[in-house]
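Each chain, letter by letter, is given below.
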Amino acid sequence: MSDAAPAGAAGRAIVVGHGGFAEGLISAVAQISGMGDRLIGLSNTGMTPADIESAIRSHLTAAGARVIFTDLPSGSATIAARRVMRDAPGVVLVSGVNLATLLDFVFTSCPTPTEAARAAADRGRASLIVVEPT
Amino acid sequence: MPIQLHRIDDRLVHGQVVVGWGQPLDIRFLILVDDAVASSDWEKDLYRMAVPPEMEIHFFDVATAIREHARFAADPRPGILLTGDIDSMQRLVTGVTAIGSVNLGGIHHRAGRSQFRRYVYLTPDEEAALHRLEGSGIEVTAQDVPAARAVPLSEMLAEKETR
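Protein chains in written order, with the numbering used here: chain R, 1 to 134; chain A, 1 to 163.
The set of hints was computed from the structure by calculation and includes no laboratory data.
Using N, Cα and C, we set each Cβ at its ideal position, and we do this for glycine too.
One or more of the hints may lead you astray.
Covered stretches of chain A (chain R as the covering partner; in silico rule of three or more C-beta atoms under 8 angstroms from a C-beta of chain R) [unchecked claim]:
#: 1; segment: 41-50
#: 2; segment: 106-116
Restraint ranges, calculated between C-beta atoms of paired labels, are given here [as the list claims (entries may be wrong)]:
#: 3; chain 1: A; residue 1: T97; chain 2: R; residue 2: G64; range: 22 to 30 angstroms
#: 4; chain 1: A; residue 1: W42; chain 2: R; residue 2: E132; range: 21 to 29 angstroms
#: 5; chain 1: R; residue 1: R86; chain 2: A; residue 2: E54; range: 21 to 29 angstroms
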């Protein structure tokens with residue numbers, strides 16, 4: 001019997017990025033929240049643009065995910081995700097994801113993927129601080 | 001300032017180009033040379049959205065890029081020219097004698113290709129095309145990011161043969 005938490009109304013999400021970025025972030029989410037199973041990681045390493053797009057489509061379908069998080073707005077994962085969104089109505093993309101973003105998402109009580117994505121992005125943006133030397 | 005890099009990269013605009021090369025070289029414009037992208041407003045919008053505000057991006061098919069190359073080469077700002085495949089770069093170089101070097105930045109795996117670098121896979125026809133490019137006086141090197149060594153084509157191909 002699985003002890004995985006049931007996905008909320010926002011469902012699961014895919015995290016796509018360079019190298020081990022997604023795996024690392026999801027590992028951190030799991031350590032902090034125990035809800036890493038709400039996220040599916042994908043690395044773009046060694047993949048053609050068509051491969052990345054295909055992998056995102058497969059993961060979306062397999063997980064029933066409606067939200068895609070990518071690491072870099074100018075990255076190949078973001079471009080592939082935007083191609084997917086062209087014919088995948090209802091899918092939301094958040095680029096520039098960080099740990100605070102994902103933690104907000106897995107705990108979200110927002111009723112829709114879009115609202116959950118917006119709230120998570122706001123939280124991630126607000127989590128960036130600079131502590132300057134005194 | 002001449003165009004800093006003439007790069008073959010099947011991902012075209014992506015992190016290595018915009019950030020990896022873009023930041024240390026202070027790249028101010030990209031020239032994306034691709035017949036399919038140049039003919040599609042949707043594709044052009046897609047790549048425009050991937051470029052930071054301080055960087056321009058221009059789209060051309062190969063024939064237009066040949067005509068426009070001198071104008072961009074004379075631009076005092078640093079820039080990068082991108083093609084998504086060897087054939088486009090080969091056609092460009094044929095029409096622009098001022099191009100002295102070509103960077104292999106990303107030609108990823110697909111059926112029929114063999115691995116030469118983590119980021120360079122080639123079919124025998126593509127190997128031959130690069131040999132021809134080099135034979136025409138163009139320096140061809142593989143280098144994904146500025147911090148990596150630029151590996152000459154002959155060295156890269158020889159390493160594969162000894163594996």
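Going through the hints against the structure:
Three residues within the 8 angstroms Cβ limit are the bar, and the segment 41-50 of chain A against chain R gives 5, so the coverage statement holds. With a cut-off of 8 angstroms between beta carbons, the segment 106-116 of chain A has 3 residues touching chain R; three or more are needed, and the interface restraint holds. Taking 22 to 30 angstroms as the suggested C-beta distance range, the pair A/T97 and R/G64 does not conform, at roughly 55 angstroms. Under the hint 21 to 29 angstroms, the C-beta atoms of A/W42 and R/E132, about 44 angstroms apart, miss the expected range.
Separated by about 27 angstroms at the C-beta atoms, R/R86 and A/E54 satisfy the suggested range of 21 to 29 angstroms.
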